[in-house]
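Undergrad: Protein chains in written order, with the working numbering: chain A, 1265 to 1747; chain B, -9 to 492; chain C, 813 to 912; chain D, 108 to 304; chain E, 52 to 695.
Worth flagging that the hints you see were computed from the coordinates, not collected in a lab. Treat the hints loosely; a few may be bogus.
[Claimed, not checked] Simulated crosslink set (DSS-like; lysine-lysine; CA at most 30 Å straight-line):
| hint | chain 1 | residue 1 | chain 2 | residue 2 |
| --- | --- | --- | --- | --- |
| 1 | A | K1738 | E | K264 |
| 2 | E | K379 | E | K169 |
| 3 | D | K219 | D | K229 |
| 4 | A | K1293 | A | K1414 |
| 5 | E | K264 | E | K282 |
| 6 | C | K911 | D | K190 |
| 7 | E | K169 | A | K1738 |
| 8 | C | K898 | D | K190 |
| 9 | C | K911 | C | K898 |
| 10 | D | K219 | E | K689 |
| 11 | E | K81 | E | K169 |
[To be verified] Each pair of labels, with its calculated beta carbon distance range:
| hint | chain 1 | residue 1 | chain 2 | residue 2 | range |
| --- | --- | --- | --- | --- | --- |
| 12 | B | M3 | E | K689 | 53 to 59 Å |
| 13 | A | A1727 | E | E431 | 20 to 26 Å |
| 14 | D | D191 | B | M47 | 52 to 58 Å |
[Claimed, not checked] So the derived list for chain C, only partly shown, Cβ under 7 Å to chain E, looks like this:
| hint | residue |
| --- | --- |
| 15 | M813 |
| 16 | V814 |
| 17 | V834 |
| 18 | L835 |
| 19 | V893 |
| 20 | D906 |
| 21 | A908 |
| 22 | K911 |
| 23 | G912 |
Here the structure is a predicted model, which is why all the values come from computation and not from measurement. The beta carbon of each residue, even a glycine, is placed where N, CA and C say it ideally should be.
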Amino acid sequence: MSRDVIRLLPTFMIFLPMLGSLILLVTPKRWRDEMAGLLSALTLGLGLMIWRAGGSGMLDVNWVPALGITYATELSGVSLALAMVTAFMSFIAVLYAARRIPNPGTMLALILAMETGLLGIFAARDMVLFYVFFEDALLPSLLMLAIYGKANRMRALVKFAAYTLFGSLLMLVSIIGIKYLGGSPTFALADLRAHVLPAGRTQTWLYVAFLTAMAVKLPLWPLHAWLPDFHEQNHDSGIPDVMGTLYKVGGYGVFTFGITLFPDASLELRPILMGLAAFTALYAAWIAFHQQDWKRLLAYAGLSHMGFVALGVFSLNETAVIGAMYLLAFQNLYTGALFLAVGMLQERTGSIQVRVGGVMTQAGALGGLTLALWLASIAVPGMAGFVGEFSILLGAYQVYPWLAFLAGITTIAAAAYALTAFQHTFWQARPPGGIPVHDLVHTEWLILALPLAVAIFFGLYSAPALNLMQPAVKAVLAALGGN
Amino acid sequence: MLHTPTGTDLYAMGALFPVLATLLGALLSTLLGFWVSRRTLTYLNIGLLLVSGISMMTLWNQGRQAFTHTFALADGQALTTASLQADNPALLLGLVILVGSVMTLLVSLDTAWRARISFPEFDAMLMYAITGALLMAFSGDLIVLLIGLEIMSLSGYVLATLQDSRRAEESGLKYFLLGAVGSAILIYGIAFVYGATGSLNFSEIALRVGSVTGLLPQNTGILVGGALLVLAGFAFKIALVPFHQWTPDVYSGAPTSISLFLSTVVKVAVFAGMLRVFSGALADAPGWASVLQILTAATLIIGNTAALLQTNFKRMLAYSAVAHTGFLAMALLGTPATGGAALTYYLLVYTLMTAAALAIVAALQRSEEGMTIADLRGLYYRHPGYAVALAICLASLAGLPPFAGFFGKYLAFQAAFQNGYVWLSVLAAVTSVAALIYYLRPGMLMFMPDRTPAREYAHGQRPPTTLAVGLGVAGVTLLGLLPNLWYGWVSNPAIWQLLAGR
Amino acid sequence: MVPTASYIALSGILFALGMIGVLTRRTAIMIFLSVELMLNAANIALVAFARAWGDPTGQTAVFIVMTLAAAEVAIGLAIIVAIFRKRETTNVDDLAGMKG
Amino acid sequence: MMIAFILLGALAICGGVVTIAARNAVHAALGLVGTLLCVGGLFASMSASFLAATQVIVYAGAIMVLFLFVIMLLNANSPITSKDPIPYVRELAGIGGTVLAGAFVVLAFTYKDPQPLAAGVKGVGDGTALVMGETLLTRFLLPFEAVSILLLVAIVGAVALVQRPAAQPDGVSDTDEVLLPSAPATVLRLPEREVRA
Amino acid sequence: MLRVPLYLLPLLPLLGFALLICVPRFFPGKVGGYLGSGVVLASFLIAVTRYFGLTDAPQHETLWTWLPNMSLNGDGTPANLSVGFTWDQLSALMTLIITGVGFLIHVYSISYMSHDAKYTRFFAFLNFFVSMMLILVLADSYPLMFVGWEGVGTASFLLIGFWFSGRGDAGTAEGFTVTNAEGISNSNAARKAFIMNRIGDLGFMFGMFLLFKSFGTLNIPQLAERVGAVKFNQPTLELACLFLLVGAVGKSGQLPLTTWLPDAMAGPTPVSALIHAATMVTAGVYLVARSHFLYDLAPTASLWVAWVGGLTALYGALSALNQYDIKKILAYSTVSQLGYMFMAVGLHAYAAGVFHLLTHAFFKALLFLAAGAVIHALHEEQDVRQMGGLRRFMPFTHIVSLMGVLAISGIPIWSGFFSKDAILAAAYETNPWLYVIGLGVALLTAFYMGRWYFLVWRGEYRGHAHPHEADPLMTAPLGILAALATLGGFLNVPAFLGGGHAFDTYLSRAVPLEPHEIATSTEWLLTALAIAAGVIGLLWASAEYRRGSLTDGPLGAASTRALYLDTVYDNVISAPSRTIAGALDIADRGTDGLINSIAGNSAAPGGLFTLWQSGFVRAYAVSMLLGTAAIIGYWALKVIGGGL
């Protein structure tokens, strides 16, 4: 395939799902599931093609010349890995939606629409384009929550949207600032990088404004409050939660734009940010220990993971950053799959409370897979999560041992909340008179097993992903002039 | 670059043509009303508006001026002033005005009967108002500006009161009394500006203000005093805090199709006037900007928080109009080049989205009070098309990409930021969050399943309204994806240096 | 001759009076009368400045402002009458149906 | 000259005070008439003779008569005795007015005539109808024409408001659930449900 | 000599696990058991073949790159760490123990678990454990070892919680309460084990981080070189070793992380034998021995190791004195024996420690399996007070367990004697206090094992079941283990007994050996003391037995409650953390009251706002006037102030 074609592939990959969601509206009901599955599979296929080509080159077209806004996209390195995971999990989500939701047309369309936004976020190499996709992904997730949410969804909606927009609008101001004050001709990352602001107050403040957006989307304490409600109020099937998990792109944003455009500021703020991150990790894990609702529990678990990611990214240590990207990419697999598992649990027991008891005595496969996913999620070695967390902690330790220690305690807390919740739901004896729980059927196997398999594969054989990430990270940190 | 003929020859009359077309529509509706049905007149008027629009396009880049007057300045060089100038800014803003007007007429085709205002005088008044609006956009001196404003305002008072209902009359009276005070302040301000500069013509004022010649420095006091009074007068018309309080009452009291007109066309026209005065004639005058930024900040805060508290959707949109005034005014704070471009872009987008949203309200409301936000619940399952359209409009109003509202906000922020009003853009960013919240609530409610009986008018979806809505939604989406379609025209900085005609 | 400043000062005072009237009078007509006061203040100023500059346009502007005033009066009184027909009142405080 | 100014000015202000203070509407209107006449005098003193005449004839004559007519028609002359619903409005008005007046006076006295007044007077050429007409038909041609539109609007609008025409149906049959705007809305409001959550 | 690739060793059991867990329906009845045992046997055979391929230099087999930047190139630049296995005397020994003993226990379980509903799953887990354990011991880098490290933790979690829902029938209400109670206690035990291991693992991780920080690699051979080559600062190394010690402590149930090990007896008996006696718990010892090149340079840390070991040995012995659960007694004795091993490796007597590890694997597995046979015979009866006189019902089991008792009590010719003696000798020459403790513990060990023996086998049967001898599938492993427990000691006969230190010389190729320089006479004395301790202990037990007062051992409740360590932990750590979690949760929900209030569709506007937007047109005019006045007034002031 010629380079030019490959250069166009990301664009196809981004907009194919959106196109698909439009197609779905006109597809006859009986074929919608297949159509959606096909399209998401195709998207994944495109991703694989890019991967085989070793990353697409940069495609750079003028979008709004008068404003210096360009349509610059590239999928390679970290972004490619993240895009692949996104496509994969969207595929899984589509599979489960087709199985779980009655008349899933709308849900499928929304999933695909959101996939477009997410892929765009990863592919964008222009600040404004990034912002646009960043917000695009918001609408479908809001709609999912609105259409399929639970009784108190309005509060969750408002919180979610308000936090997101609060951050992103400040980011918008900061975007305007770096272009104008830096004197770059366009918003393209390359140009901005060539016109980085001189170190100083201005850069720091702009970075802070930019960070607000990323901290909301990481999320990072204290801007995390939208997360638990968002997950708690979302549809029981857990499909929107999968997409919501994929939407946690703050770490990526900081890595791709933050570090490169605010080098001095990110060095200057490193201790504070790492402190916040470590605190977030521990804080979330600790709260998770007290949750009675699986969704909230998983939300806090995810928050804790994100604390790790942030710790890694902010540490500016190569190993840690690689680990952070690794974790960011692959936590989607098991966190998402866990949400789906909870959805299946709810479908069977009609409740997402953790105190059900003895489910595993009747649904062995469900219990076993959930347990395996949990183990992956608490970074048991041999699973993808471990590679990430271990590298992060190791790298962070090289920078600030005590913060690494703080975050390290999380691993213990994680074991505590994960196993406690699992035990109360799946282990112990099934109360007499409880609804008989039937085990996994049909595609449910795949829906849980595929992510798990991938997680294990990349936990043991991480080379493919590393080869994508390591050079990218090296390049970014080299621009930083080492640490 | 621009060829400026003198005198009032036929050629120059070309500059007058767009205005004449609308005036013709007004006169025809006034006279033919006795024989022809109102719908026919409306179609006729729409046609005339299109004609006027086309004529504007033909005038592009010709910079024609009409009613010019040449005389020698103190330093001997000749100065040509014009009462009417069809330069590019005028044409651009004129087109925006026409867009709003056409949408108003389309909507009125369906809703005027239900509002009991479907008689020729309604169209006549509407067309007069549009004429006035165009006069403002094309104005070359303060008097023409003033007359245009008055024509528009008077017809506006009438329109607001036209419906035979207590609410309409209340809104009409409020609008009129406060409007009269506003005009008085404006006129007084004009007097002061005249006193300081000795002229009513933009280019002459600009010349005097720009250079010390002819303007005694100690008269700056009067000049700026006048500028501030003019600002206050305009602030009333575009509803800047604290001159905004009439807005919600009038918009929610008047029939929706008329609120649509008032909140789009009137506002656009007044902003056109402000652009002429503040970015043109008084661009170099000190003082007014610092006051304007305070007013803008207040508007952003008050407008957004107040809208947050509303339960009636129509009234909420009224407050959102106030809030948007704040965002638009940010553009005025930019340099003429960036600010003018930003303002013109944002005004078009604002017109499209506000008009479309209000059109849907007008079509679906059961009474002219509009609908409460709660009534919107489950709209998506009863009127999917309108619901999605409304959702898009709200998203655009909230400034979410990929809809054009985002670029509008972005440009406004940029204009203010690059002219040094960083704190203002940050404030705007923060208040936009409140804005998002109140747009979000109805937007999401529409998609929430609902089992209670519908609370909107079932037969609202009719071709003309749908056309207007489609126009708005398509425009908002298209301009969001390809902003250059419009921004490419307005972005040329050269055209914004000539706001004062020279 | 009397300096322009004095005229302006006078007009300013009249303007302020009109403003006060707008607030304190409670019937629509009276409020409207006060507005007329303000307009006249503006007129004085215009004429004064016209004289200062020796420029007739100022006076012409006054001429036009008068017409504006007349037109406003026509519309305003029409509105007031229309309302009076329904409500039998000209007290503006009775028209406070919409608030908040 | 100065005496005339002071006299007229004082009278004008008095008239204004009467206008805004008189309990009886008619008195107030008459007060305004007084002011208008004084203003006319002031115009004259500023060598704007034509305007002075117009002021007296059109303003103090026609417009004010119209006012008085309406006042009588709506017998609005009886003062309103009910309590003022707006708190502290008089105080606020007093403060605001004073500030405003003070500010204007201050600004006024910063004003320096751009040229000797004599030259100015010569420039306006005594403000005769000739001068006015000349400007109106050259520099003010467009305003002059545009004002006619304004008057047209005023006429048509006034007629339309006072004698509202009958609305014409738009041909679509939706006789059900159309609400007469003048009647209070009879749409049943269901209790707000979940939205308050 | 053919070289079977090392990765087959862990891979075969792993495949067994995969098959058994994914497609259990293909293995009806006992097939799963045979498959499970088969793969372990296979890797045992491979290990044997590789054993004969052993060379003086350790053999490395590298597979694929794994972790970023955690290793070094030849030129000292960072490289990605690879997954690799190493094969030297130490790992070979461990592999043989794991696969050998593991195989026997698999075979034993075929019969022992035959009545269990989740028979196949049990073998899947056992295979998983074996595979992880092999990764642990074969790993050539700390992170890979960590994989096995947590892997065995996971396996033990799964196996302790094997009966997570109790074994009864939860269908009925009363049945539910009983069963659920058992289920809860089992689950809690499993969870406790995992969490406590996690604490240790954290220490292990930080050890790795610190090592990486100072040496830039986590590959063990490379580390060994670097430690020799580059200069480092002593405290750092000490700290790193202490961190590693924390890890070892967690895994081997040493103080203070010891409490999970006794609870771990909730699992099926073969599990206790395999994981919590023979293999997994010795991982800590293995870690220290594997890191000998660090500990050799870190005297302080080593001393800590020794003391931890000594105290744990004492603690375990004291807690074992008055237990009533047949398995709990063995569990605490395991704790105590592990203490011995730690003491040894802490004193740099690696050979002694590892040798004790070997013998302990034999006799402790033997004892557990014997106990399992008893429990099996008595239908899940575990209380020694309900036993007694079983030698008549199950003579063979009686004999073999007697062998075990003698071995652990350190009676000559039995294996325990040699290993324990070596450790005591090492202690004597370096640290008399530790020696005293060791000796005392030896005595106590003899006593409580005697108590165990007499209560279970002698006297009259006090229970109600109908005991019966176990079937061959269970007795055969018992026999083999008994033989090993008896004769295993002769692998390492000390010089003064005319032996050649065969084992020491074997191990010394992997782990350097401390030369002994104790006079032979002293050695004889030490040996005599050790034997005396053992004999006295047993006699004391039998004396008590004759007096019939054996049931209630010394220390009473204090010993039964394991010196109240659990209680302390619950009150000092668990309860507070739970409370804090609750508090934080409430706080977190409270963070965004504002948004909530707005979000819930706010009621009609009220308060100040309506007062302002009152609907009175004149009120609006007020705002306008004041606005204008403010603006103009501001300007006027500016003008007065000459601010033009």
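Undergrad: Hint by hint, say whether it matches the structure.
TA: Structure-based check of all given hints:
{"no.": "1", "hint": "A/K1738 / E/K264", "verdict": "holds (19 Å)"}
{"no.": "2", "hint": "E/K379 / E/K169", "verdict": "holds (24 Å)"}
{"no.": "3", "hint": "D/K219 / D/K229", "verdict": "holds (18 Å)"}
{"no.": "4", "hint": "A/K1293 / A/K1414", "verdict": "holds (25 Å)"}
{"no.": "5", "hint": "E/K264 / E/K282", "verdict": "holds (13 Å)"}
{"no.": "6", "hint": "C/K911 / D/K190", "verdict": "holds (19 Å)"}
{"no.": "7", "hint": "E/K169 / A/K1738", "verdict": "violated (50 Å)"}
{"no.": "8", "hint": "C/K898 / D/K190", "verdict": "holds (23 Å)"}
{"no.": "9", "hint": "C/K911 / C/K898", "verdict": "holds (20 Å)"}
{"no.": "10", "hint": "D/K219 / E/K689", "verdict": "holds (18 Å)"}
{"no.": "11", "hint": "E/K81 / E/K169", "verdict": "holds (11 Å)"}
{"no.": "12", "hint": "B/M3 / E/K689: 53 to 59 Å", "verdict": "violated (46 Å)"}
{"no.": "13", "hint": "A/A1727 / E/E431: 20 to 26 Å", "verdict": "violated (49 Å)"}
{"no.": "14", "hint": "D/D191 / B/M47: 52 to 58 Å", "verdict": "holds (55 Å)"}
{"no.": "15", "hint": "M813", "verdict": "violated (25 Å)"}
{"no.": "16", "hint": "V814", "verdict": "violated (22 Å)"}
{"no.": "17", "hint": "V834", "verdict": "holds (5 Å)"}
{"no.": "18", "hint": "L835", "verdict": "holds (6 Å)"}
{"no.": "19", "hint": "V893", "verdict": "violated (17 Å)"}
{"no.": "20", "hint": "D906", "verdict": "violated (10 Å)"}
{"no.": "21", "hint": "A908", "verdict": "holds (4 Å)"}
{"no.": "22", "hint": "K911", "verdict": "holds (3 Å)"}
{"no.": "23", "hint": "G912", "verdict": "holds (4 Å)"}
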